[in-house]
Amino acid sequence: MKKILLLTALTLCLSLSAFSQKYGYIDSEYILGNIPEYKEAQRELDRFAANWQKDIERLFASIDSMYKSYQVEAITLPENLRIKREEDIIKAEQDAKELQKKRFGRDGDLFKKREELVKPIQDRVFNAIEAYAKDRGFAFVFDTAGSMTIVYADSKFDLNDEIMKRLGIVVKD
246 MKKILLLTAL TLCLSLSAFS QKYGYIDSEY ILGNIPEYKE AQRELDRFAA
296 NWQKDIERLF ASIDSMYKSY QVEAITLPEN LRIKREEDII KAEQDAKELQ
346 KKRFGRDGDL FKKREELVKP IQDRVFNAIE AYAKDRGFAF VFDTAGSMTI
396 VYADSKFDLN DEIMKRLGIV VKD
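Residue 418 is where the sequence shown ends in the numbering used here, and the numbering goes up by one at each step.
Since the hints were derived computationally from the structure, they do not count as laboratory data.
In this text, a Cβ means the ideal position worked out from N, Cα and C, and glycines have one as well.
A couple of the hints might just be wrong.
Restraint-style ranges between C-beta atoms, simulated for each label pair [to be verified]:
hint: 1; residue 1: Leu290; residue 2: Ile334; range: 45 to 51 angstroms
hint: 2; residue 1: Phe402; residue 2: Ile335; range: 37 to 43 angstroms
hint: 3; residue 1: Arg288; residue 2: Leu322; range: 15 to 21 angstroms
hint: 4; residue 1: Glu343; residue 2: Tyr312; range: 53 to 59 angstroms
hint: 5; residue 1: Leu290; residue 2: Gly413; range: 22 to 28 angstroms
hint: 6; residue 1: Ala337; residue 2: Lys379; range: 52 to 58 angstroms
hint: 7; residue 1: Glu289; residue 2: Val415; range: 39 to 45 angstroms
Generate coordinates for the entire structure from the input sequences, incorporating the hints supplied.
If you want it as structure tokens, here you go:
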């Protein structure tokens, strides 16, 4: 009997402490979208990506041209020249795919550029959220911009404006 009473009291205390925790949420896309440096970093990343994509498209167009030329001339070429041209086309395709991987692949140039330009801004936002949460005693701060689904959120727990104030960002409505 004493064990049941003790277990019930312990459960009640733990559940009451869980209810006393403060929760809040932010929308990281909204916050980042209101930071001018983030917008500029995104534009710069878009410029790099567009230029690199154009270079790669030019390479593939050149390879396509090489292949079409080869198809027209293949019948009249001697065996050794035909093999050489095929090898050149295959090598050019491999080089183009390698460049594409280098620019856009995992840990590629675009990823590194994003780390260089965007990560410091994201870290600044994270540090502001962390400091605000600690100062105000929040146990959890959720991000509604991610894949996590929040079915309902009371606006009194919306921390976006407070975080933006900490970052020195003024939103113009």
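Given the hint of 52 to 58 angstroms, check if Ala337 and Lys379 actually sit that far apart at their C-beta atoms. At roughly 56 angstroms between Cβ atoms, Lys379 and Ala337 fall inside 52 to 58 angstroms, so the hint holds.
Using the beta carbons of Arg288 and Leu322, state whether their distance is inside 15 to 21 angstroms or not. Violated, at about 48 angstroms.
CB of Glu289 to CB of Val415, is that within 39 to 45 angstroms? Hint violated: Cβ distance 23 angstroms, outside 39 to 45 angstroms.
Consistency of beta-carbon spacing, Gly413 to Leu290, with hint 22 to 28 angstroms: Taking Cβ atoms as reference, Leu290 and Gly413 lie about 23 angstroms apart, which means the hint holds.
Looking only at beta-carbon atoms, does the pair Phe402, Ile335 fall within the given range of 37 to 43 angstroms? The hinted range 37 to 43 angstroms is violated for Phe402 and Ile335, with Cβ atoms some 59 angstroms apart.
Evaluate the given range 53 to 59 angstroms for the C-beta pair formed by Glu343 and Tyr312. 18 angstroms, violated
With respect to the beta-carbon atoms only, verify the hint that Leu290 and Ile334 lie 45 to 51 angstroms apart. For Leu290 and Ile334 the Cβ distance comes to about 33 angstroms; the hint is violated.
Hint compliance for this structure: hints 1, 2, 3, 4 and 7 are not met, and every other hint is.
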